[in-house]
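2 protein chains.
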Amino acid sequence: MRRTKIKDLFLDPKEEEVLIYAWVRTNRAQAQFGFLNVNDGSVVTNLQVVYEQTLPNFAEISKFRVGVSVLVKGNVILTPNAKQPLEVHATEVKMLGDCPENYPIQPKRHTKEFLREVAHLRPRTNLFNAVFRIRSVAAMGIHSYFQSHGYLYVHTPLITCADCEGSDQMFKITTLNLNDLPKGEDGKVDFSKDLFGKQAWITGSGQLQGETFAMAFSDIYTFGPTFRTENSNTQTHANEFWMIEPEMAFCDLEGLMDIEEEMLKYVIKYVMDNAPAEIDFCDAFVEKGLKEKLTNILNAKFVRISHHDVVDLLLAQNRKWEFTPSYLEDIAKEHERFLTEHFNGPVFVTNWPKDIKAWYMKVNPDNKTVAAVDLLVPKAGELMGGSQREEDLDVLLKRMEELHVDRANMEWYLDTRRYGGCVHSGFGMGFERLIMYLTGIDNIRDAIPYPRTPKNCEY
Amino acid sequence: MRRTKIKDLFLDPKEEEVLIYAWVRTNRAQAQFGFLNVNDGSVVTNLQVVYEQTLPNFAEISKFRVGVSVLVKGNVILTPNAKQPLEVHATEVKMLGDCPENYPIQPKRHTKEFLREVAHLRPRTNLFNAVFRIRSVAAMGIHSYFQSHGYLYVHTPLITCADCEGSDQMFKITTLNLNDLPKGEDGKVDFSKDLFGKQAWITGSGQLQGETFAMAFSDIYTFGPTFRTENSNTQTHANEFWMIEPEMAFCDLEGLMDIEEEMLKYVIKYVMDNAPAEIDFCDAFVEKGLKEKLTNILNAKFVRISHHDVVDLLLAQNRKWEFTPSYLEDIAKEHERFLTEHFNGPVFVTNWPKDIKAWYMKVNPDNKTVAAVDLLVPKAGELMGGSQREEDLDVLLKRMEELHVDRANMEWYLDTRRYGGCVHSGFGMGFERLIMYLTGIDNIRDAIPYPRTPKNCEY
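As given, the protein sequences belong to chains A and B, one line each in that order. Numbering of the first sequence is given in my numbering, commencing with residue 4 and proceeding in unit increments. Numbering of the second sequence is given in my numbering, commencing with residue 4 and proceeding in unit increments.
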């Protein structure tokens with residue numbers, strides 16, 4: 004007999020005989036019958052299994068503890084008037100793996116802080132079952148959007164010797180014995196003895212390599228892990244996270260915003276369509292109004308406004324800002340919040356002061372701003388950041404000099420401007436930030452299976 | 004006017020006006036007209052653009068060099084009797100980005116060795132255009148298989164402090180200053196000063212964390228980069244590569260083989276359906292007979308045979324083996340080749356001698372073998388390796404002791420056997436090995452965008 008997943012039972016309810024493998028979430032035993040709530044992780048919803056005294060091992064089943072893995076054979080009974088649309092009347096219930104009394108995941112409310120201490124067990128709770136299912140479905144939504152639009156998925160390297168992101172933000176990697184490092188005559192580490200023959204890091208971005216592929220495939224995206232050494236313990240920072248970095252040839256800033264808007268709506272719709280029970284769960288127990296928030300995004304026309312006009316708007320408000328808006332500076336969290344509330348939807352802020360943005364961004368004709376864009380969304384602030392790239396080699400070289408970007412090891416990147424260069428644009432989106440937005444979860448530690456943060460690298 | 008991608012032109016040929024952005028691959032100028040072959044990377048096939056003397060910048064176009072990026076407006080003309088099913092008669096051709104005479108990618112045969120020296124430009128060749136498109140489509144095929152079968156995509160951590168894979172095979176990572184490492188009283192590096200407060204590595208496998216998620220979601224898979232420090236320069240080794248590691252609860256060795264076989268067929272079919280031009284290209288220019296090889300896999304019933312029976316079979320052959328087959332040892336390349344030829348298709352070799360396999364594999368009742376399985380495919384040898392996992396805690400602990408696996412930091416993993424454990428299985432597939440199989444490419448350096456191998460970490 005083939006196994007049936009609980010998700011498929013609920014998707015297509017019919018009265019039939021089924022074989023279920025799952026874990027016990029609760030067991031309410033009475034004198035003549037009992038109820039097992041079981042879950043197999045295919046959907047956040049539990050299945051109610053009714054077992055009766057007539058079963059030869061009734062007494063034994065009555066004592067099954069929470070966490071036990073079981074085989075259940077039985078008949079689906081549709082219960083259209085009950086809370087659950089169906090239940091299974093067991094003809095056989097067998098314990099596969101026992102679970103002791105001191106099992107940490109009991110059917111009660113656990114704090115998220117406690118669950119982080121048992122990160123290997125927390126996927127067995129409803130909350131993390133829903134969050135990590137949404138994470139998985141969202142990842143598929145992203146791949147689905149880009150692949151159906153002809154993008155090439157490119158695996159840019161993680162290990163790099165091109166020190167282009169600022170090596171102080173990158174982890175060093177080595178195969179050398181740290182307790183006995185080979186030293187050169189200058190007393191410094193002799194990396195010629197290391198595996199790659201020079202110093203190496205794990206990177207914080209695949210953008211530059213991504214650009215080289217966009218110059219061959221037109222439209223590409225990366226989706227992979229990213230590393231930062233930031234020693235900061237906030238709700239939104241982790242030292243390891245996943246990022247999506249699309250890069251499009253023959254695409255300017257306006258085209259970039261079209262893509263960002265279309266992609267976000269696609270992924271939100273994909274998740275709502277493919278993880279409806281999990282979105283319902285988060286709407287009920289994580290962020291009240293989550294579904295309305297997401298539906299509003301689907302129906303919104305995203306506003307496009309320049310950084311300059313944003314500052315005008317902020318200054319024109321009859322209110323005191325904690326951080327005074329400035330034409331030359333970044334905008335603060337309070338400004339972001341005001342903007343998405345003022346426009347009642349997502350806002351693209353464009354054309355930022357060039358001194359606070361990266362060296363590869365396209366310098367505008369005013370020579371004061373760059374063709375960069377941040378997408379702000381209600382309640383969460385910045386969700387994506389991107390720009391048109393500077394395609395003019397001379398301007399780019401000047402910017403690199405101004406910003407002290409080391410040109411050594413970068414000639415390959417500059418070749419994209421030498422050999423058939425073109426207007427092109429790209430953006431980056433932190434995947435965990437998207438997951439937090441899609442679930443309502445407010446701490447990045449709860450949006451990633453095994454979070455790595457300063458002083459925290461368990462499992 | 005909206006841009007049309009060249010792939011879409013060929014997919015749905017009709018006489019219409021189009022706007023193309025692409026790069027010039029060849030330019031054959033004659034007195035009164037000329038032909039540009041252009042490619043935008045959406046498909047390996049080039050588009051022929053005819054430009055005539057009547058265009059105001061005809062003389063200029065005639066001099067466009069290889070590599071130039073262009074805008075082409077024109078009319079599609081169907082040419083059913085020609086080599087190409089269509090061409091575009093230009094009404095406008097504009098250079099967007101120039102390309103100098105010394106552009107390394109000229110329309111001639113380049114060696115793969117040369118192209119590795121310009122890895123940032125090689126995607127502009129037909130070969131790498133095809134290979135990396137197949138790579139992208141195969142990645143989507145993998146996600147598509149697992150997601151449509153209800154698996155959870157889990158991002159297991161790359162950074163780890165759990166020294167479970169054997170730390171000598173892993174890269175150390177650190178934020179400490181290597182030229183001035185803090186030392187403890189024992190003269191050794193004081194990792195309490197490091198970002199995570201202890202020594203950390205980047206991992207070679209997500210299996211163990213994957214198992215913890217399988218115990219909650221039933222069916223999970225990972226798909227991400229993996230690192231090995233092996234100092235070996237072969238055609239099949241790289242220090243950074245991508246791997247897929249599915250893990251299934253309530254699944255035994257037979258079920259595991261069913262899944263491996265179904266998945267491989269699904270992905271091959273997905274790639275043949277979604278990258279037909281690229282598969283045709285590889286069939287013509289990389290591995291003659293590629294399509295037949297792949298089609299044979301689709302139609303094959305994979306053989307299942309134990310390691311013991313394999314050795315019987317090898318010894319029964321009337322031939323001299325370079326490596327004498329042994330019931331206690333691994334099988335050699337020559338044996339693998341014999342097996343797939345003998346059975347004329349893929350072969351699962353099961354139940355391996357336990358002393359040459361990993362500690363987490365299920366010990367069989369004979370106490371001599373483990374429930375492990377390698378999948379061998381014609382021409383390539385091992386493509387996947389997996390096993391049923393030892394779910395019995397006592398047996399597992401004994402195996403860890405025998406094989407000197409450090410139990411410290413592993414209690415979280417052992418919890419999967421304590422709390423509702425069950426029969427479960429999983430496998431690993433190196434993604435580059437699959438790509439080599441799908442394209443006929445014989446060197447891993449040509450199956451990955453920017454290969455990392457000993458002494459080689461450019462770009």
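Heads up, a few of these hints could be off.
As the list makes no split between identical chains, a pair holds if one copy fits it or if it spans any two.
Claimed, not checked - Simulated crosslink set (DSS-like; lysine-lysine; CA at most 25 Å straight-line):
#1 LYS66 with LYS291
#2 LYS458 with LYS196
#3 LYS336 with LYS272
#4 LYS268 with LYS17
#5 LYS175 with LYS268
#6 LYS296 with LYS97
#7 LYS296 with LYS272
#8 LYS291 with LYS175
#9 LYS8 with LYS201
#10 LYS66 with LYS296
#11 LYS111 with LYS191
#12 LYS186 with LYS17
#13 LYS76 with LYS382
#14 LYS458 with LYS97
#15 LYS66 with LYS371
#16 LYS111 with LYS458
In case anyone wonders, no lab produced these hints; they're calculated from the structure. Only a predicted model underlies this, so the values are computations on that prediction, with no experimental measurement involved.
Q: First find the shortest C-alpha distance between LYS268 and LYS17 inside one copy, then the shortest across copies, and answer within, between, both or neither for a cut-off of 25 Å.
A: So LYS268 and LYS17 fail the 25 Å test inside a copy (34 Å) and across (31 Å) alike.
Between LYS66 and LYS291, at a C-alpha cutoff of 25 Å, which is it: within one copy, between copies, both, or neither? Classified as neither; 37 Å inside a copy, 64 Å across copies.
Cα distance capped at 25 Å. Does LYS66 pair with LYS371 within a copy, between copies, both, or neither?
neither (73 Å within a copy, 37 Å between copies)
Exercise for the section: Up to 25 Å between alpha-carbons, please classify LYS175 paired with LYS268: within, between, both or neither. Expected result: Classified as neither; 38 Å inside a copy, 40 Å across copies.
When Cα atoms must be at most 25 Å apart, do LYS296 and LYS272 count as within-copy, between-copy, both, or neither?
within (12 Å within a copy, 40 Å between copies)
| query | Which holds for LYS186 with LYS17 at a C-alpha limit of 25 Å: within a copy, between copies, both or neither? | reply | For LYS186 and LYS17, neither the intra-copy (72 Å) nor the inter-copy (67 Å) Cα distance is at most 25 Å.
task: First find the shortest C-alpha distance between LYS111 and LYS458 inside one copy, then the shortest across copies, and answer within, between, both or neither for a cut-off of 25 Å.
output: Answer is neither: 29 Å inside a copy and 55 Å across each miss the 25 Å cutoff.
- [ ] Can you give me the call for LYS66 and LYS296, within, between, both or neither, at a CA distance of at most 25 Å?
- [x] neither (44 Å within a copy, 55 Å between copies)
Intra/inter-copy verdict for LYS458 and LYS97 if alpha-carbon distance must be at most 25 Å | For LYS458 and LYS97, the Cα distance exceeds 25 Å both inside one copy (43 Å) and across copies (56 Å).
Exercise for the section: State whether the alpha carbon distance between LYS296 and LYS97 is at most 25 Å within one copy, between copies, both, or neither. Expected result: Classified as neither: same-chain Cα gap 44 Å, cross-chain 45 Å, threshold 25 Å.
Point to revise | Homomeric proximity label, LYS111 with LYS191: Cα distance no greater than 25 Å | key: neither (56 Å within a copy, 46 Å between copies)
_Intra- versus inter-subunit Cα pairing at 25 Å for LYS336 with LYS272_ = Result: close neither inside a copy nor across copies, 27 Å intra and 49 Å inter.
The structure fails hints 1, 3, 4, 5, 6, 8, 9, 10, 11, 12, 13, 14, 15, 16 (numbered hints given earlier, in ascending order).
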